[in-house]
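Protein chains in written order, with our numbering: chain A, 1 to 383; chain B, 1 to 309; chain C, 1 to 266.
No wet-lab data here; the hints were simulated from the structure. Yeah, the Cβ is synthetic: ideal placement off N, Cα and C, and Gly gets one too. Certain hints may be false.
Distance condition first, Cα-Cα at most 30 Å in a straight line; then the derived BS3-like pairs of lysine-lysine [said to hold, decoys possible]:
hint	chain 1	residue 1	chain 2	residue 2
1	B	25	A	81
2	A	24	B	17
3	B	63	A	81
4	A	135	C	155
5	B	79	B	63
6	A	24	B	25
7	A	27	B	17
8	C	155	B	25
9	B	25	A	27
10	A	116	A	133
11	A	116	A	182
12	A	182	A	264
One side of the interface only, derived from the structure: several residues of chain B facing chain C at Cβ under 8 Å [unchecked claim]:
hint	residue
13	50
14	98
15	121
16	142
Residues per chain, in single letters:
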Amino acid sequence: MTQQQTEGGDVRLTGISKTYGSFKAVKPLDLTVPQGSFFALLGASGCGKTTTLRMIAGLEEATTGTISLGGRDITDLPPYKRPVNTVFQSYALFPHLDITENVAFGLRRRGIKSVKKQVDDMLELVQLGDFAKRKPHQLSGGQQQRVAVARALINHPQVLLLDEPLGALDLKLRRQMQLELKRIQTEVGITFIHVTHDQEEAMTMADTVAVMNGGRVEQLGAPADLYENPKTTFVANFLGTSNLIEGEIVSAGTDIVVAAGGGKLRLPTERCSAPTANGGKLLLGVRPEKISLAHADDADAIADGRNRVTGRIVDSSFIGVSTQYVVESPAGKALQVYEQNVERRAGLRAGAEVVLHWNPAHTFGLDAAQDIDAGVETVEDAA
Amino acid sequence: MTVTKEAPPAAPVTELKVRKASTRKRLVPYWLLLPGILWLVVFFALPLVYQASTSVQTGSLEKGFEVTWHFQTYWDALKDYYPQFIRSLLYAGTATLLCLLLGYPLAYLIAFKAGRWRNVVLVLVIAPFFTSFLIRTLAWKTILADGGAVVDVLNTLHILDVTSWLGWTESNRVLATPMAVVCGLTYNFLPFMILPLYTSLERIDGRLHEAAGDLYATPATTFRKVTFPLSMPGVVSGTLLTFIPASGDYVNAELLGSTDTKMVGSVIQTQFLRVLDYPTAAALSFILMAVVLIMVTVYIRRSGTEDLV
Amino acid sequence: MPVLRWIRRNLIVIAGLLTLAYLILPNVVVMVFSFNKPNGRFNYAWQHFSLDAWKDPCGVADMCGSLSLSLQIATWATIGATVLGTMISFALVRYRFRARGAINSLIFLPMAMPEVVMAASLLTLFLNMGAQLGFWTILIAHVMFCLSFVVTAVKARVMSMDPRLEEAARDLYAGPVQTFLRVTLPIAAPGIAAGALLAFALSFDDFIITNFNAGSTVTFPMFVWGSAQRGTPVQINVIGTAMFIIAVLVVVAGQLIANRRKNSAR
Numbered sequence: 001m002t003q004q005q006t007e008g009g010d011v012r013l014t015g016i017s018k019t020y021g022s023f024k025a026v027k028p029l030d031l032t033v034p035q036g037s038f039f040a041l042l043g044a045s046g047c048g049k050t051t052t053l054r055m056i057a058g059l060e061e062a063t064t065g066t067i068s069l070g071g072r073d074i075t076d077l078p079p080y081k082r083p084v085n086t087v088f089q090s091y092a093l094f095p096h097l098d099i100t101e102n103v104a105f106g107l108r109r110r111g112i113k114s115v116k117k118q119v120d121d122m123l124e125l126v127q128l129g130d131f132a133k134r135k136p137h138q139l140s141g142g143q144q145q146r147v148a149v150a151r152a153l154i155n156h157p158q159v160l161l162l163d164e165p166l167g168a169l170d171l172k173l174r175r176q177m178q179l180e181l182k183r184i185q186t187e188v189g190i191t192f193i194h195v196t197h198d199q200e201e202a203m204t205m206a207d208t209v210a211v212m213n214g215g216r217v218e219q220l221g222a223p224a225d226l227y228e229n230p231k232t233t234f235v236a237n238f239l240g241t242s243n244l245i246e247g248e249i250v251s252a253g254t255d256i257v258v259a260a261g262g263g264k265l266r267l268p269t270e271r272c273s274a275p276t277a278n279g280g281k282l283l284l285g286v287r288p289e290k291i292s293l294a295h296a297d298d299a300d301a302i303a304d305g306r307n308r309v310t311g312r313i314v315d316s317s318f319i320g321v322s323t324q325y326v327v328e329s330p331a332g333k334a335l336q337v338y339e340q341n342v343e344r345r346a347g348l349r350a351g352a353e354v355v356l357h358w359n360p361a362h363t364f365g366l367d368a369a370q371d372i373d374a375g376v377e378t379v380e381d382a383a
Numbered sequence: 001m002t003v004t005k006e007a008p009p010a011a012p013v014t015e016l017k018v019r020k021a022s023t024r025k026r027l028v029p030y031w032l033l034l035p036g037i038l039w040l041v042v043f044f045a046l047p048l049v050y051q052a053s054t055s056v057q058t059g060s061l062e063k064g065f066e067v068t069w070h071f072q073t074y075w076d077a078l079k080d081y082y083p084q085f086i087r088s089l090l091y092a093g094t095a096t097l098l099c100l101l102l103g104y105p106l107a108y109l110i111a112f113k114a115g116r117w118r119n120v121v122l123v124l125v126i127a128p129f130f131t132s133f134l135i136r137t138l139a140w141k142t143i144l145a146d147g148g149a150v151v152d153v154l155n156t157l158h159i160l161d162v163t164s165w166l167g168w169t170e171s172n173r174v175l176a177t178p179m180a181v182v183c184g185l186t187y188n189f190l191p192f193m194i195l196p197l198y199t200s201l202e203r204i205d206g207r208l209h210e211a212a213g214d215l216y217a218t219p220a221t222t223f224r225k226v227t228f229p230l231s232m233p234g235v236v237s238g239t240l241l242t243f244i245p246a247s248g249d250y251v252n253a254e255l256l257g258s259t260d261t262k263m264v265g266s267v268i269q270t271q272f273l274r275v276l277d278y279p280t281a282a283a284l285s286f287i288l289m290a291v292v293l294i295m296v297t298v299y300i301r302r303s304g305t306e307d308l309v
Numbered sequence: 001m002p003v004l005r006w007i008r009r010n011l012i013v014i015a016g017l018l019t020l021a022y023l024i025l026p027n028v029v030v031m032v033f034s035f036n037k038p039n040g041r042f043n044y045a046w047q048h049f050s051l052d053a054w055k056d057p058c059g060v061a062d063m064c065g066s067l068s069l070s071l072q073i074a075t076w077a078t079i080g081a082t083v084l085g086t087m088i089s090f091a092l093v094r095y096r097f098r099a100r101g102a103i104n105s106l107i108f109l110p111m112a113m114p115e116v117v118m119a120a121s122l123l124t125l126f127l128n129m130g131a132q133l134g135f136w137t138i139l140i141a142h143v144m145f146c147l148s149f150v151v152t153a154v155k156a157r158v159m160s161m162d163p164r165l166e167e168a169a170r171d172l173y174a175g176p177v178q179t180f181l182r183v184t185l186p187i188a189a190p191g192i193a194a195g196a197l198l199a200f201a202l203s204f205d206d207f208i209i210t211n212f213n214a215g216s217t218v219t220f221p222m223f224v225w226g227s228a229q230r231g232t233p234v235q236i237n238v239i240g241t242a243m244f245i246i247a248v249l250v251v252v253a254g255q256l257i258a259n260r261r262k263n264s265a266r
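Just need the whole structure built from these sequences, with the hints factored in.
Here it is as structure tokens:
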């Protein structure tokens, strides 16, 4: 609720790192979170995102580097002296205190005697006015989550830190709470730093997302920008799904032409983040929903100038709004195609010979020296 | 706009000041541990050292004792008192087994069958603790008294004939026989068996029983293959909590037994407090400690629950 | 045979109830015999009903003195062992430090040691130091053997405590002292209370270690022990029965309060 959109309240991490013994949880990183933004740290478990958050909160001591808030160095301040509050994973509500006392905890510790009005207002903001006298265990997960938010926000922190705040909720409730949190953030205008492993959550809520992997920030930007222009295979695979096709550069100009899977594919040069020497290797990427499917018999009807790959459907699953196909082709063993279910197309079933085609402008290029499967969610990860 | 860049890989880490946890913070656990651990070192560990040294001393009360590395004391103590040793282990072992046999059904009952009576039964198990165990042990003198109801029933059923033939009782007496001592020991340490058993049984998910039944196990098989193995931690800690104190106990042997049922605790007490033969008492106490620790270690190893501690 | 089948079906319940009876029987006897008027010095055989002992519970020389001494020792030993044991528990659960294994064994060993061994060795120490046996030596011994049990009870509770609760407190402007008083202590309280209760019961009822290290001081269990030789006054049963009833009442009252709190919160 302080002055908005000024340089004054930025969170600035400079060369911050954390080492446990010989394990480098967070490698030296620089990061600036502008005041009033909704910032997400996105990554798989163990990528260092929570450690980074905890260092900002003061719960973890940084091994190197400094943290400043609005130009003030807070690196050596204990957590109870930082104008920063946290919404903890699984909330950490005090089980021995009722909701009112949980929410009033921070105010009381700062010696504020008359807390009633503020607590009531805050419970109103999170729509829990009727639950003031209950104990945390008598609330549902979603309600507990809102108490945790209220307990932190009532202190008017300069920055609110959220550590996987929605992780314990079921899918529907999570979607609802995402919108709710976004609403609250817009309403109070405080900087939110949100840690999550859920890429949809990060993209829905945040205006800036930093994708972390192995203790470093892989890429940072607005959600749409990250999705459309991933710079690494990790980002391409972790944020949504990407079809990555390995090929060899044939010619480079305004468009790059690549030989892959027995054909030629093109992409705009400005969408390629890798060096483009002739004869060099390149990874071509295209999102599944950008691809159209045509039956092999109808291949003639495809407009010229589109990228084409021929293949055979090995699997299709109907999921309501769309149908997802897995296509085996010389360009890739399991290319994904999502097609909107505008009209059902009887010919496209497993075993059918098809042509995949898409606008070359929707293709991006990545350095082929990377692990092509980095960031792909496996069964163990999802568990 | 948001600005970020990774610190260039060339930037040597030495350039960044590495913070170490402050000394004060690192010392916190040691300050927390210090008083309690010091207490245990001075009043538990150190006395054992003193006792070890006493056991190899010779001398007399008048002239004082001196360390002479007289290991003969150990041999003499064993030679003179081996019956009490064997008896102690035998009685304690029997009592432990009986505790397990008696305690398991009750623990099972509380965990799975008591329903809303659970807390009531638990209170009834714990409440006797609050009456001095000496008073309760004396009550067994009344219960097992010659010509009392218990002895009469056992006599009528000719059970006493069998037990007397086995040497557990004498003619038509129960009091002042091994059976009375074992009965007292069993009674005294039964709660120490029931509580850990209950704790580990209570943790078992009731659906496991249903799952076992669904997978063609009879109730008996379910118990053997599912319930009992899962209650092993309770069985192990229960047997230890029963056997260890029972092996060193002399209260039951003194109050309910006779001179023929003396246990080693009795001997140590007499040597220490009446005869004032400190080396022999110390040697006996050391042998008892060694025997119990070895048995306990072997037992824990074999039952594979070393994470018990 | 329906009767046999019923027995077979309820075998566990029957066996369990028999064990329960075995556990309770001596308490019943103690209670019944507190109303006895024995012939002679020993209260082992039933003679006539009488309220004499209940009317004059302190009528036996030295008994109530020993009882009050036992209560004092148990109180101080409980306080000492609970404070020291709670500190150790927190260090063990919440911090990393060297020699953890050695410290764990040092705490486990007193529980794996026959009492008579600890009793004898502690007496050796006191004799060597030339300490005056009495109140203080008993207290030292009691704190020593209660400590391990308190650590076990409190550790279990602290281990199940979410460390994030303390982090949340620190995050919400509570300094170290405030965090401990407002969050850590209230949440660990049930474990600490269980440890303290156990320590009190163990200390109050201890005979073997006390007997070795008491010198000429007489605690209540020692008084009972002595009376088994000299003659057992009925008042012993009165005290035993009263203790039993108080314990049951305390537990029941505790349950009722806990239940009411749960219901009113609803």
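Okay, the hints, checked on the actual structure:
1. B:25 / A:81: holds (17 Å)
2. A:24 / B:17: holds (16 Å)
3. B:63 / A:81: violated (68 Å)
4. A:135 / C:155: Judged against 30 Å, a Cα distance of about 25 Å means the pair holds.
5. B:79 / B:63: The hint holds at about 26 Å.
6. A:24 / B:25: holds (22 Å)
7. A:27 / B:17: Holds. Residue 27 of chain A to residue 17 of chain B sits at ~14 Å (cutoff 30 Å).
8. C:155 / B:25: Roughly 21 Å separates the two Cα atoms, so the pair holds.
9. B:25 / A:27: holds (24 Å)
10. A:116 / A:133: Holds, at roughly 12 Å.
11. A:116 / A:182: holds (26 Å)
12. A:182 / A:264: violated (44 Å)
13. 50: Status holds, d = 5 Å.
14. 98: violated (10 Å)
15. 121: holds (7 Å)
16. 142: Hint on residue 142 of chain B: holds, closest Cβ of chain C at ~5 Å, below 8 Å.
This entry does not satisfy hints 3, 12 and 14, going by the numbered hints stated previously.
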